[in-house]
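With chain Y held as given, fit chain R onto it using these hints.
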Amino acid sequence: MLLRHTTDKIIEREALTVNPAKTCQPVGAMYAALGIHGCLPHSHGSQGCCSYHRSVLTRHYKEPVMAATSSFTEGSSVFGGQANLLQAINTIFSVYNPDVIAVHSTCLSETIGDDLTQIIAKAKEEGNVPNGKYVFHANTPSYVGSHVTGYANMVTAMVKTFSMKSSTKKNQVNIISGWIEPADMREIKRIANQMMAKIVLFPDTSDVLDAPMTGKHEFYPKGGVTIPELISTGDSKFTIGLGPLCTLDACIKLENQCKIKFDSLELPIGIQATDAFITALSRAAGVQVPDSLTDERGRLIDIIADMQKYLYGKRVALFGDPDTLVPLTEFLVALDMKPVYIVTGTPDKTFEDRMASILSAKVPEAKYKAGERADIFLLHQWIKQQGVDLLIGNTYGKYIARDENIPFVRLGFPILDRVGHSYFPMVGYAGAMNLVTKILDAIMDKIDREVPEEKVELVM
Amino acid sequence: MKTKVTMDPERWKAEVLTKYPSKVAKKRAKSIVVNEGDEVKQIQANIRTIPGIITQRGCTYAGCKGVVLGPTRDIINLVHGPIGCSFYAWLTRRNQTLPPTPDSPNFMMYAFSTDMQDSNIVFGGEIKLKQAIREAFEIFKPKNIGIFSTCPVGLIGDDVHAVAREMKAELGINIFGFSCEGYKGVSQSAGHHIANNGVFKHVVGLNDTPVEGKFKVNLLGEYNIGGDAFEIERIFEKIGITLISTFSGNSTIDSFEQSHHADLNMIMCHRSINYLAEMMETKFGIPWIKVNFIGADATAKSLRKIAQYFGDAGLATKVEEVIAEEMAFVAKELEPIKARTQDKTAMLFVGGSRAHHYQELFNELGMKTLSAGYEFGHRDDYEGRRVIPTIQIDADSRNIEEIHVEADPTRYKPRKTEAELKALEAQGLQFSEYEGMMTEMGKGALVIDDISHYEMEKLVEIYQPDVFCAGIKEKYCVQKMGIPLKQLHSYDYGGPYAGFEGAVNFYKDIDMIVSTSIWKMVKAPWQKESVIEAEYAL
Chain Y
1 MLLRHTTDKI IEREALTVNP AKTCQPVGAM YAALGIHGCL PHSHGSQGCC
51 SYHRSVLTRH YKEPVMAATS SFTEGSSVFG GQANLLQAIN TIFSVYNPDV
101 IAVHSTCLSE TIGDDLTQII AKAKEEGNVP NGKYVFHANT PSYVGSHVTG
151 YANMVTAMVK TFSMKSSTKK NQVNIISGWI EPADMREIKR IANQMMAKIV
201 LFPDTSDVLD APMTGKHEFY PKGGVTIPEL ISTGDSKFTI GLGPLCTLDA
251 CIKLENQCKI KFDSLELPIG IQATDAFITA LSRAAGVQVP DSLTDERGRL
301 IDIIADMQKY LYGKRVALFG DPDTLVPLTE FLVALDMKPV YIVTGTPDKT
351 FEDRMASILS AKVPEAKYKA GERADIFLLH QWIKQQGVDL LIGNTYGKYI
401 ARDENIPFVR LGFPILDRVG HSYFPMVGYA GAMNLVTKIL DAIMDKIDRE
451 VPEEKVELVM
Chain R
461 MKTKVTMDPE RWKAEVLTKY PSKVAKKRAK SIVVNEGDEV KQIQANIRTI
511 PGIITQRGCT YAGCKGVVLG PTRDIINLVH GPIGCSFYAW LTRRNQTLPP
561 TPDSPNFMMY AFSTDMQDSN IVFGGEIKLK QAIREAFEIF KPKNIGIFST
611 CPVGLIGDDV HAVAREMKAE LGINIFGFSC EGYKGVSQSA GHHIANNGVF
661 KHVVGLNDTP VEGKFKVNLL GEYNIGGDAF EIERIFEKIG ITLISTFSGN
711 STIDSFEQSH HADLNMIMCH RSINYLAEMM ETKFGIPWIK VNFIGADATA
761 KSLRKIAQYF GDAGLATKVE EVIAEEMAFV AKELEPIKAR TQDKTAMLFV
811 GGSRAHHYQE LFNELGMKTL SAGYEFGHRD DYEGRRVIPT IQIDADSRNI
861 EEIHVEADPT RYKPRKTEAE LKALEAQGLQ FSEYEGMMTE MGKGALVIDD
911 ISHYEMEKLV EIYQPDVFCA GIKEKYCVQK MGIPLKQLHS YDYGGPYAGF
961 EGAVNFYKDI DMIVSTSIWK MVKAPWQKES VIEAEYAL
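Top line first, the protein sequences correspond to chains Y and R.
At the far end of the first sequence sits residue 460, using this note's numbering, and the numbering has no gaps.
At the far end of the second sequence sits residue 998, using this note's numbering, and the numbering has no gaps.
So that you can see chain R by itself, here it is in the shape it has in the complex:
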């Protein structure tokens, strides 16, 4: 039987730190914070993982190729490097896509690689890269090719950008490169930034053909894992919102090229995509707001923000109609489930936004989040964007290019006047703002950045949450301890979890998790001492 222990989080922290060598303990101490209710404390984030610590984090390449560019179907993503990097990023993120016709391009099921050999490392890989691009063009006739650099590429000095320019001229299609070598940053996060820069420089704004629609928006930082984007698209369609582009889920380069026609950018995953929103605002005058379609209440709130932004009475009415209809369905589904999930506890260690967003769904289930943290978040994702000016830029961040962007001489068009923006702000609509995770977490909650395997085991052992949320590498460790783990990268191959129908899917899956019988059968009858004693007593 599980025995719930209540340990003061400060004591938990002190005890965990004793296990580390003193230098390591000193560093980790700053990344483990016991949340205060009202005042947000400073947390250390986006710094190097200590070698030897078993971390959840991946690399820059994973963030660039896997996360941001991966879910787009009409581009050949060619990985320049030894075979592994391409192999591991092949279809493993569950980004769903729905090409409109059987003939529409869709390269997402394919893995492309230059499969560099030792001779390419010694003599350089540019010739092989060019040849691979020619062959990809000849066989597949794509309109776009992206080149992704893996670790050795930067070290041997292959210039993927020069190759891209040359091949673009030769083949007459859009070809662009990313210097996203795995070692470039401290986590996937650096790769997101590099991907944002590349997409902005080489794709956004290429097609000036106007887009029809009254309420035109882009959704940023939504990757259509398990079909999340499909559900959001369903809701937008029902309301009459024109979604030009999703960066990047169920997406196309074609749609990115026209994305500058939107009148509003909405950010889901702040960490991975805020750079693009900022640059689009500067260049084209499109304001951005933070939204969240994870959680039925959060979805309703986000939809109201859109209505508020456009200030159209018809839209506002339609939004309220849809919310009323969908929420009735959600409430009906939630009620019987909530009886089983109420007062249960959760912990979330994942991503750069999910550990925050999914707390909404747990709240709706009446569950309490005891502890949470990001794998690759920055301080602003924890403490809110107001801390950005105070974040120290270290060597690891400095080597990621900051693009200098200016207003486009002909296409910059502020969507709202200063006065309009002020008025909207006065009504509570925040632009270019994200409050972060910590403001919404309870007093006494443990907030831990880049959690180590050791810390994770200690959390589970001491606090015994009813469900632990993380990724595939953590899943079976936690489950071996008798605690179910919900994967929030892959959703355990379920979903969608976004929007209204998604929220209901999530309720059902958590209900399943906390109700699964097998956890009660871990011990064999003869392993239960009390049973044997009772027998002998007879």
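Pulled out of the complex, with its shape left as it was, chain Y reads as follows:
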């Protein structure tokens, strides 16, 4: 057994986290910043942070992930990191020439209290930020929240830095994207395009973290929201935030800063959440929903109806981020599956309520937990107490899946051992079709593998 020390005997823990279902803020900030065109993320801390974040993002995307670091040493930790950041800004513009540097802090620079606003102002004063170039920052202390918080903080910093109200309103809708894959961001743009709704999507990592092989390494790939687009978000007529934990702060900031009303929605994963998104976008942009999308929805419903036998009543354990887990749980319930165990390491005050509203009537036995020590170890212990038919989560779930022989669908961050997640969406009706196909494949492959020979079915 890989996880041979995990038993069904749960001992209450107050301090120890085992096999976390979250990581720290800065990696989220780095990922979000990559969704700006021509942006180099910069980690203000010791080298390891940047190295680890680049590594995990690279393993997840199998794509170049460029980012720089302030390379703190003991001296900078004692005397402050100002000199490091000033030198970094100078070096980066000379050597790597980005349009924007998006600085995020770390537990190190936060603990010593480096004032990024002041340091960046000083860099500008000293003429180290070339004309027409930008340096901005988000505070992302690793000891608060999780990677999701870091993403949210960076997205909010984008609004704070760039969104500007001019005298002319623009006939466009802002869509602030929660933490989803490049394929999902591409899918959201496709849906908006089909609806003929003009949108500004940010951040947008499509064509950044799924760049084609061309024989040339584009240090700044062609994708990403541009700075003029980001500035123009202050003139949009409405904002839709997808995934409240990642985007609600940014929506509020944009409303306060530029007086733009907003809807905060769940990520459009599954039927109801996609319905809600398309309805909201149709209303906000003043456009009709085209038949093509209604047909997509119909095809999704059709698949589910056809394959109900393999889904109905199946027990599911899942872990990941709240913004993904909530609509996913709702989708699983719509499939008549039973999401019985759910954990996220990300603290989220609304998690219990959001889950209860989905689960209390249909799956009253469900256990769910968010925040400290809501870890994959606890999830596994629950599974040991009573088994499940399906596990959904990031790659770290594979050890449980193997030990317990549970069909496993990889979804979330990071996925280190398969490809596809960055190319095939999980949002929208098309994404839901991908998702339900993956679930069915996992469940049905196990049936095919394990059913007695005389019971093997050709047609299923």
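Bear in mind the hints are in silico, worked out from the structure with no lab data behind them.
Virtual Cβ for every residue (Gly too), placed ideally from N, Cα, C.
Incorrect hints may appear among the rest.
Sample of chain R residues at the chain Y side, in silico, Cβ under 8 Å [claimed, not checked]:
1. Thr509
2. Asn566
3. Phe567
4. Ser573
5. Ile581
6. Glu595
7. Phe600
8. Pro612
9. Ala855
10. Asn859
11. Met941
Frame of chain Y, contents of chain R only:
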């Protein structure tokens, strides 16, 4: 089509440096050296990376927890800090391990963290750390717990060593801490040193129960990535060499505790583990030699060194028998592959020893190493240990503890007399010596320490090697340029590459890399101008 350009390396260096701000250029100039054939030039290494430079390097914590302590299965490695540090070091180094029974302890699949919150940063994290240790003990019943400090721990003044002592007394198991905050040094290297010190102080020599065996050795600096240690174990077993402990691959704290019974320490990765070998020699009288099991010839050479050291005729015969048998297999496998790899070129930028060791395998494939460098090496890893007395100790090195070690009053036992050592040296067996990478590299090769992303792209662009070796962060940048990159940290999830069977695995993987069809399909037919022109000409 690739067009190979020959550019004088000195000119390459001059052109690359023009891109940097002048102060940066001045610093980088000392870390880029065009190798002379016979005389080794001085290279600047193990100094701070310039902020803003995109570096391969990681942090001290990564070197301590991830590299040295990570691959040992019977210890709970508890990371004291915010969640990220524990998360990123969770199973990402591919250290394989094989517990002898289904019940043997193996915590390597688990990540343990105190998940410090802002209140712990403000009010201190010691109470939470103690509680976490108690819970880890209650749930998992480990015999050993290691505590690893992350950046904020040192800053807020949590004393992990005091906590370790207190909890050791309370729980009655071995508990020890490491002050391996990420900012402690200029790279992972500082963390290796801190880990060496901790393992030496708290583990080595704890168990005096004698170990059976005629030829008892330890292997140091072998991390069982992709199963390398398994292959080396296979060869040792075949020969009849008793491997007490590997620091640290497929390893246990139990075996470390008995490692002082070995009669020879063999160092693979000099950079990460030489401190431990030095300390063990001083305290217990175990001599150390540098070995290399990367490359079939290098493996054979290293095995002969062991035979030479023990001076036993039976062992020497057995070693020759095994070498003959294994080399016949290697030669058979190599021959057809070499026809495809001969005269191809490689570049290696990785680690503190791999960029050197893997040149052996490329040599065997008939490939030439055009350029190489370490991510976290010191001058001695480039120029040889003879330069150690001349290395300037700067502030970044000074804050790593140097343990004062003395001969153990009862257990110090020189394995060889002075005369025996002299005689062995006269026969060419070098003790406590490492010649470094540069002595073995050709004239005109570019040696670059702590290569920056910019320099890497320029190397690839100008020299177009057939294969570039580095790590995950570099992999897809280089591949986007149409050049295959072989990861030498993770082996691209292949391996083992050590020993004889490992060498064959490596030959096959490089053969695959230089023969892969997809690289020829990067351009679509309509992107190939000549084709379109020809059409129009018709």
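Against the structure, the hints:
1. Thr509: holds (5 Å)
2. Asn566: holds (6 Å)
3. Phe567: Where the cut-off is 8 Å and the nearest Cβ of chain Y is about 7 Å from R:Phe567, the hint holds.
4. Ser573: Since chain Y brings a Cβ to about 5 Å from R:Ser573, closer than 8 Å, the hint holds.
5. Ile581: holds (5 Å)
6. Glu595: holds (4 Å)
7. Phe600: With Cβ-Cβ at 5 Å, under 8 Å, it holds.
8. Pro612: R:Pro612 check passes; min Cβ-Cβ to chain Y is 5 Å, inside 8 Å.
9. Ala855: Constraint on R:Ala855 satisfied, holds at 6 Å.
10. Asn859: holds (5 Å)
11. Met941: At about 5 Å, which falls below the 8 Å cut-off, the nearest Cβ of chain Y leaves the hint on R:Met941 intact, so it holds.
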